Structures are given as structure tokens and as C-alpha cells.
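Student: Here is how the chains run, residue by residue.
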Amino acid sequence: MKTKSASDKIISAFAYIYMILFVIVAIIPFMTIISTSITDEQYIRANGFDIFPHEVTWAAYKYVLGRGSTILDAYQVTTFVTVVGTLFSMLITTMMAFALSRKEWKMAVPISFLVYFTMLFNGGLVPWYIITTKYLGLHDSLLALIIPYTINAFNLLVLRSFISGIDNSIFEAAKIDGANEFQLLFRIALPLALPGLATICLFYAISYWNDWWLGLMLINERELYPLQLLIRAITSNISYATSSGSNSSIAAASIPEEGVKMATTVLTIGPIILLYPFLQRYFVKGLTIGSVKG
Amino acid sequence: MRRALHVRFTDLVKNKFLYLLVLPGLIYFLLFSYLPMAGIVIAFKEYRMDLGIFGSPFNGLNNFKFLTVDTLSVLRVVFNTLFLNVLFIGIGTALAVITAVLINEIRLVWFKKISQSLVILPNFISWVIVAVFAYNFLNTDFGIVNNWLKNLGLEGVSWYNQAGYWPAILVLLYSWKSVGFNSIIYLAAITGIDQEQYESAALDGANKFRQIWHITIPGISKTIIILLLLAIGRIFYGDFGMIYGLVGDNSLLFSTTDVIDTYVFRALRTLNDVGMSSAIGLLQSVIGFLFVYTANAVVRKYDKDAALF
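First to last, the protein sequences are chains A and B.
Residues in the first sequence are numbered from 4 upward in steps of one, following our numbering.
Residues in the second sequence are numbered from 125 upward in steps of one, following our numbering.
What the hints contain is simulated information worked out from the structure, not anything from laboratory work.
You may find that some hints are simply not true.
To be verified - Distance windows between CB atoms, simulated:
| # | chain 1 | residue 1 | chain 2 | residue 2 | range |
| --- | --- | --- | --- | --- | --- |
| 1 | B | Ile238 | A | Asn223 | 40 to 48 Å |
| 2 | A | Ala49 | B | Tyr426 | 55 to 63 Å |
| 3 | B | Gln321 | A | Phe55 | 45 to 53 Å |
| 4 | B | Leu147 | A | Ile31 | 48 to 56 Å |
Only a predicted model underlies this, so the values are computations on that prediction, with no experimental measurement involved.
C-beta atoms are modelled at their ideal positions from N, C-alpha and C, and glycine is treated no differently.
Please take these sequences and the hints and turn them into a complete structure.
Tutor: Structure, rendered in C-alpha cells:
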């Protein structure tokens, strides 16, 4: 019975080949930008982009990280927004998720519904934009890149269901011992909900790090551009301006133009790539949590 | 609902900590979700900067006139939104299910772990970065794809001027970014299938292919249907980050890539047409709500626990 039939071997082999191909497809774009960022500009001009580096040079990185660099400003903006935004979001989200998970509290149900409803219906872009900029005055400031993302309703509901999973008798015992709700939250719920908290925390951090939509909508001043918006500014015109062909070789002379675009991109992805091996088990866990009802 | 939200004073005192804990969150939802919902009235108003949303005078259905004046371009963005979403949902789901089924067949644990974490990596990259990747491959002069074409003795293609290619390019990039990540959800569902079914099927002489076809696929069909329905619920929303990130203001590609969200954005930011963009935004929200609501009602029929509400 242990011997595998031919068709089983075919499926098994196919699974390996498929996954190898998928992995290659998944990582080739990353290799390409890394290679281009360290390939000599003259070589690119003559031969185009490639998956592997040629005539390696660090000129593009020296240029990008050189003095008066806009990249470093954008790095500061994005780092600040990611750190402060994630902490702020986690605080507000956790507080609300905990309160809404308290089964004895009658108001938990109607307030949860208010949260659900925002996932179904929204006012659309225009009222949101006018209220955010005109009424709340959120534009051209670091707060404008944080406040509108304070709570993600989906994250909130996932965390609420995670905390709901904690055995209620633990809370009741603590209450009898005289603990108030703050103590229940910080002493009991937080330590027990750690895997859920870690997952949500990562989701928030990634979304702050990757965001450019808020920047696009609310930021005009160059010094406040987050990294992703800077990348967009550097690459958006070119992506089709140079595609028409004719005059692209003229600009080539002094600045390693293509290399700079790619080096900037590499630096923007950098932190995620570096942290990824450590974080990816949380992603997998978080996804599995997220696929269960919030 | 109104009675449920009526707060009694005794409850306020008794649960003051809980009220304090939800207060910041409630303020957030009030300001950034419910106030914009109330702001929808501007779809029926002649918006004036100085008077604001609530002070501007009403102008009836004037803002909706674009529907009759500009019918063709409205139909085009609606078609693009639906067409692209159907492609994304169909092809994306099929690939994610296939990937999950095949990952499940892999027995080497280290290979499984490494390949799985590499294929979900693209999900954590922003669309702006994906646009740089696309540029790397599709640039007319230096792009890798055109290099390959030239090596084969073919003509290079001006990808950024050719609207016809873009539905395919968008589907490719969408799949590249999302399939690995989504496959994990299906993989979680596969893990939930009772292993005894496989054992007894194997005893009955069913090969791997028959096991996949008769046990795995039916075992996750509920998950597939629920996720499909929820995706269909959001079919009137384009992914603004994706489309604007990849296409931006390149009007050469609008005929196949412009979706409702990018259209509204342009009407607001470029044309500064508050009236039209709020009117189309309102239609999108209402139709979108009806779709989500219906999809959710259907999901409830299949599986109460999987429904959104």
C-alpha cells in the first residue's frame, strides 16, 4: 500500500515544479531592481535592465544618500509616521477592542454595529476629503499622515474576536479580587492576547510604511513627502515620458538616473525585506486569524 | 437601534471605564466615517468653499447631469471597473486555490516553509513599488521584456502607450501581488478537512488526483464561495492604490484602465469638479452598499459564521 502510483508521483512533482516557478516569479522583480541599482549607468543605457548586475558600482547609492538628499527627509517622515502611527493605532484599537469584547456590557453590541457599518457604507472620497482638510484642518502636517488611519475597522474586529476568545472566568475572578476594567485590560487581556496584538501591530506598521494615499491627498510640501510618495514623484513622470524613446539619451550624462530610481526603491523596500524573515510567521498566523469571522 | 443606543445614566456610572476606553475610537469613527456620510448631502448641493458642506445651497439633481451629458465616459469607467474586477476575482481565486492545493501536496517541510514565505512576500510591497517593478520590465528603451523581444528578433512594444495590453498586465500584477497571500486562507481551510476522508479514499484506491477532486476541492468550496461573494460585493470599487499607482495620469491608458475611483479622484483633484465627483461617489457608495448587503445576505445562507454581519 505504501508504494505511490505513477499519477501521485506526477502530482507531487508538479507541485514542486509549480512552487519553484512561483518563487522565481515572486522574487525576480526584487532581483531586477537590486541589480539595476548597482549596475553602471552607461551599461544600462547601452543594454537595458537585467535580472543580474553588470559592471557593479555604488554610484547611485552615493548619489541618493549624498548631502541635501530628499530621501533622508522622506525616511525621517516615514519612520516617524510608522512608529508613532503604529503605537497610537495600537493603543486606541486595543482599548476599543477590549471594551467591545466585554460580554456583560450591553453597549458592546450597538457600538460594534456602528463599527461594522463603516465597512459596508461610506460617504465616498469627496465628503471625506472636504471634512478632513477643511473642517479638521488635516493637511501638510505629520498628523495628517497618522490620524486618518487611527483605526482600521477590520483590525479592530479581528482583535475583538481574539480577546473574546479569552476565558471569561479569568476576568470574573480578577473582578472579584477588586480589579477594575483598566487592570483587566493591562494585567490580563494584553498578555493573553499577545499573538493577536503582534499580528495587528504588524499590519498597522506595514500599512503606515507603505502608505502614499494620505500623502497624495493631504500633503503638498516636499519636505513632508513620505518615502512611497517620493518614489512616485521620482518615477511617475518618467515611466511613460521616456517610453516614447527619442530624447532619453540626452539626460543620461551626469546623473545615474535609472540607478537612482532603483536605489531609492531598494532603500524603500529595505526594512521590510530585512525584517521579513523574522516576521513572516506572524503574517501566516495573522491571516489564519483574519480568515475566521471578526 | 435608537433604543439600544440610549445610554442610561446608571450604566454610564457603572461602566465608566468601558465608556472611557471606547471614547477615542468612537470619536475617530464619528469624525472620519459618520461625518463624511452626513457630508453626502453635497451631492445635492452647489458646493461653495466659503459656505462649507452644510452651508452651501441645494441645487437639486444638477450634479447628476453628467450622467446624461457624459454618458459614454461614465459607461466606460463602470465597464472597466466591473471588467477588471471580474478578471481579478476569477483568475486570482483560481490561482490561489491551485496554489493552496499544490502547497498542501508538498511534504518537504523546509521547502514548504521557505517557498510559502517567499510567495507571500509581494503582498507586503506597496503598489508604488510594484509600479517601479513594472517599469523595469515594460520600459520601451531599457525594459527587460523588450530586451527579450529584441533578442528574439522581434520589435519592442511601447507598453505605456498601448491601452489594449493593460487589462492583461493589470491581471498579471494583481496575481503576482495577491495569489501567494490569498492561498494561505485556502490552505488554512484545507488543513481543517478531516484526514480520515483521505485515508479511507486511499484504501479505496483513489489516487492523489481523485482525492484532490473529490475531497479537497469540495472541502474548501464553502470558503471559496464565501470569499467570492464578498469580493463580488465590492465589485463597484476599483483598487485606487493599484490603478493610480500603476497608471497614474497617463491618459493614453485611460480607455482600458480608468475605474470609478480614479475617475472620481480626477474629477475632484484635477478638474476640481466637486459637484460631479460627489454625485458619482454617492452612486458608487449606494450601489456598493446594496451589493455588499446582498452578498452578505447570501453568505449568511451558506454559513452564518462567515457573514460580515
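Student: So, for every hint listed, does it hold in this structure?
Tutor: Hint by hint, here is what the structure shows:
1. B/Ile238 <-> A/Asn223: 40 to 48 Å: 44 Å, holds
2. A/Ala49 <-> B/Tyr426: 55 to 63 Å: Given range 55 to 63 Å: holds, Cβ gap about 59 Å.
3. B/Gln321 <-> A/Phe55: 45 to 53 Å: 47 Å, holds
4. B/Leu147 <-> A/Ile31: 48 to 56 Å: For A/Ile31 against B/Leu147, whose Cβ atoms are near 49 Å apart, the range 48 to 56 Å holds.
Going through the hint list in order, the structure satisfies each hint without exception.
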